[in-house]
Amino acid sequence: MTIQAIIFGKLFRKTPLAWRQMSRQKTRLFVAIAGIAFADFLMFFQLGVRDALFDSQVSPYTTLKGDLFLVNKLSDNLQSIKSFSRNKLYKIAGINDVKSLATLYVGQASWRNPENLASRQIFVYGIDPNQPAFDLPELDQQQLNKLKLLNRALFDRAGLVPQLGDVPSLLKKQNPLSVQANDYQIQIVGLFKLGSSFSADGNLITSDSTFLRLFPQRRANEIDLGIVDVESNASIEQIQADLRAKLPDDLLVLNLAEFTARESAYWSTGSAIGPTFNLGVAIGFLVGGVIVYQILYTDVSNHLPEYATLKAMGYSDIYLIGVIVQEAFILAVLGFIPGFLLSSGFYIFFQSVTFLPTAMKLARAITVLVLTFVMCIGAGAIAMQKLRAADPADIF
Numbered sequence: 001m002t003i004q005a006i007i008f009g010k011l012f013r014k015t016p017l018a019w020r021q022m023s024r025q026k027t028r029l030f031v032a033i034a035g036i037a038f039a040d041f042l043m044f045f046q047l048g049v050r051d052a053l054f055d056s057q058v059s060p061y062t063t064l065k066g067d068l069f070l071v072n073k074l075s076d077n078l079q080s081i082k083s084f085s086r087n088k089l090y091k092i093a094g095i096n097d098v099k100s101l102a103t104l105y106v107g108q109a110s111w112r113n114p115e116n117l118a119s120r121q122i123f124v125y126g127i128d129p130n131q132p133a134f135d136l137p138e139l140d141q142q143q144l145n146k147l148k149l150l151n152r153a154l155f156d157r158a159g160l161v162p163q164l165g166d167v168p169s170l171l172k173k174q175n176p177l178s179v180q181a182n183d184y185q186i187q188i189v190g191l192f193k194l195g196s197s198f199s200a201d202g203n204l205i206t207s208d209s210t211f212l213r214l215f216p217q218r219r220a221n222e223i224d225l226g227i228v229d230v231e232s233n234a235s236i237e238q239i240q241a242d243l244r245a246k247l248p249d250d251l252l253v254l255n256l257a258e259f260t261a262r263e264s265a266y267w268s269t270g271s272a273i274g275p276t277f278n279l280g281v282a283i284g285f286l287v288g289g290v291i292v293y294q295i296l297y298t299d300v301s302n303h304l305p306e307y308a309t310l311k312a313m314g315y316s317d318i319y320l321i322g323v324i325v326q327e328a329f330i331l332a333v334l335g336f337i338p339g340f341l342l343s344s345g346f347y348i349f350f351q352s353v354t355f356l357p358t359a360m361k362l363a364r365a366i367t368v369l370v371l372t373f374v375m376c377i378g379a380g381a382i383a384m385q386k387l388r389a390a391d392p393a394d395i396f
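Mapping to UniProt numbering: the sequence shown position 255 is 255, numbers consecutive.
Bear in mind the hints are in silico, worked out from the structure with no lab data behind them. On a predicted model such as this, the values are computed, not experimentally measured, just so you know. Some hints could be false.
Said to hold, decoys possible - Label pairs and their computed distance ranges (CB to CB): (1) Asn145 - Lys91: 28 to 34 Å; (2) Ala234 - Leu341: 46 to 52 Å; (3) Asn87 - Asn116: 40 to 46 Å; (4) Asn87 - Leu149: 23 to 29 Å; (5) Tyr184 - Met360: 39 to 45 Å; (6) Gln180 - Ala241: 43 to 49 Å; (7) Ala272 - Val333: 34 to 40 Å; (8) Pro275 - Ala363: 18 to 24 Å; (9) Glu237 - Ser100: 17 to 23 Å; (10) Glu237 - Leu341: 41 to 47 Å; (11) Leu369 - Phe349: 19 to 25 Å; (12) Ser100 - Arg244: 16 to 22 Å; (13) Arg244 - Tyr184: 34 to 40 Å; (14) Gly345 - Phe30: 19 to 25 Å.
As the list claims (entries may be wrong) - In silico PhoX-like cross-links for lysine-lysine, where the CA-CA straight-line distance does not exceed 20 Å: (15) Lys148 - Lys65; (16) Lys193 - Lys65; (17) Lys193 - Lys146; (18) Lys88 - Lys246; (19) Lys246 - Lys73; (20) Lys172 - Lys146; (21) Lys73 - Lys91; (22) Lys172 - Lys193; (23) Lys88 - Lys73; (24) Lys91 - Lys246; (25) Lys88 - Lys99; (26) Lys99 - Lys65; (27) Lys146 - Lys173; (28) Lys246 - Lys99.
For each residue, glycine too, the CB sits at the ideal point set by N, CA and C.
Based on the sequences and whatever the hints tell you, model everything.
Encoded structure:
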């Protein structure tokens, strides 16, 4: 039998001393569970909203129809994307295994709510209807044909409807629906689903010609994204290397994983939002740690004579430490369960209100569970220092 097995066996005796000590004072146990559940909820809340931010910001990338993407080197996120000359994109048209090229214009417009005339920010994507940049189920040929007419647009039905107006319902009564964006009259002729983000409350898809009317300061030759579709049997890595060698240094050639990682990196490290949420997780961790420490320290102090008696009877320090570890383990499990359930319900409510992609993820649940164990075991380790005062001589 290994040393680890011997220690483990000593830690978990048949007599559930740790549980009996904790359950003896049910009020204290309930307070401890509630405190840990609250700490877990804080961590779940911060991580959930942070992940929703990242997921919402990269959701347009995951719907792009292409293998490689050309973007200005100065662009680090979609909200402040920088344009570049379309001629640079067309220089690569003759490279072997390049199947097709597409362009995308990106801009933020002031949207006028058709119901109450309130103004909100909304993303506008300008595409070539003959070579669409997005791979969306709703963006079929019928919808693309509608976009070929000037001043026509598709509305994101997964945006913040209360703020933008209930366009889907209005469109059932009147199609096309006349609305305003950037104080310019356009017609909504259909719907698609993408979702809101922290940068804007919704999205529009228009033709490139309509986009340039919404943004008269933009020039047709200045695009925001170049999309490269390669042949199915071609090596994307090789074509990516060829494009990097051919294009100027002011352009980046990225695959989809690199493109989305660049956006996520900006929000996690290049802005104040990522560190703010991480700080919230740390605060929740500290709150839970303090609560568990107070509970375990009080428990050890109240039972110090009993611990001294156990030492006098021959029980080792490993056994006494094991009792504290078991108490910390029990608190971690009992506190995590209500925290998990409460957070799962909150995610559903938060998503229904904000339309942001907040959902419980296995990786996030495991992360919080591990943090809970570390929090409780760490607090227990500090509380163990009190056991040094458990001198068997005290009982005589």
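Here's how the hints hold up against the structure:
1. The beta-carbon spacing between asparagine 145 and lysine 91, approximately 30 Å, falls within the hinted interval of 28 to 34 Å.
2. Taken as a hint, the range 46 to 52 Å holds for the pair alanine 234 and leucine 341, whose Cβ atoms sit roughly 49 Å apart.
3. For the pair asparagine 87 and asparagine 116, the beta carbons lie near 44 Å from each other, so the given range of 40 to 46 Å is met.
4. Distance hint for asparagine 87 and leucine 149: a CB-CB separation of about 28 Å, consistent with the stated range 23 to 29 Å.
5. Here the CB-CB span from tyrosine 184 to methionine 360 is close to 41 Å, well matched to the stated 39 to 45 Å.
6. The given range of 43 to 49 Å is respected by glutamine 180 and alanine 241, whose C-beta atoms sit roughly 46 Å from each other.
7. Taking 34 to 40 Å as the suggested C-beta distance range, the pair alanine 272 and valine 333 conforms, at roughly 35 Å.
8. At about 20 Å, the CB distance of proline 275 to alanine 363 agrees with the hint of 18 to 24 Å.
9. As the Cβ distance of glutamate 237 to serine 100 is approximately 19 Å, the hint placing it in 17 to 23 Å holds.
10. Restraint check, glutamate 237 to leucine 341: a C-beta distance of roughly 45 Å satisfies the suggested window 41 to 47 Å.
11. Between leucine 369 and phenylalanine 349 the beta carbon distance is about 22 Å. The supplied range of 19 to 25 Å therefore holds.
12. Serine 100 and arginine 244 have their C-beta atoms about 19 Å apart, which keeps the hinted 16 to 22 Å range intact.
13. Between arginine 244 and tyrosine 184 the CB atoms are about 38 Å apart, so this pair conforms to the stated range of 34 to 40 Å.
14. Look at glycine 345 against phenylalanine 30: about 20 Å separates their beta carbons, and that is inside 19 to 25 Å.
15. Between lysine 148 and lysine 65 the alpha-carbon distance is near 19 Å, which keeps this suggested pair within the 20 Å criterion.
16. Simply put, lysine 193 and lysine 65 have alpha-carbon atoms about 15 Å apart, close enough for the 20 Å limit, and the pair holds.
17. Taking the CA atoms of lysine 193 and lysine 146, the gap is about 17 Å. The hint holds against a cut of 20 Å.
18. Annotation: proposed proximity of lysine 88 to lysine 246 holds, straight-line Cα distance about 10 Å (limit 20 Å).
19. Between the alpha carbons of lysine 246 and lysine 73 the distance comes to roughly 15 Å, so the proposed pair stays at or under 20 Å and holds.
20. Among the hinted pairs, lysine 172 with lysine 146 is consistent with the structure: their alpha-carbon atoms are about 16 Å apart, no more than 20 Å.
21. With a CA separation close to 18 Å, the supplied pair lysine 73 and lysine 91 stays within the 20 Å bound.
22. Only pairs whose Cα atoms come within 20 Å are accepted, and lysine 172 paired with lysine 193 is accepted, the gap being roughly 16 Å.
23. Taken as a hint, the lysine 88 and lysine 73 pair is honoured in the structure, with Cα atoms around 13 Å apart against an allowance of 20 Å.
24. Note on lysine 91 and lysine 246: the hinted pairing holds, with a Cα-Cα distance of about 8 Å set against a maximum of 20 Å.
25. For the proposed pair lysine 88 and lysine 99, the alpha carbon gap of about 17 Å is at most 20 Å, so the pair holds.
26. Pair hint lysine 99 plus lysine 65 holds up; C-alpha atoms about 12 Å apart against a cutoff of 20 Å.
27. A distance of roughly 18 Å separates the Cα atoms of lysine 146 and lysine 173; the hinted pair therefore holds under the 20 Å criterion.
28. For a cut-off of 20 Å, the pair hint linking lysine 246 to lysine 99 stands: about 17 Å separates their Cα positions.
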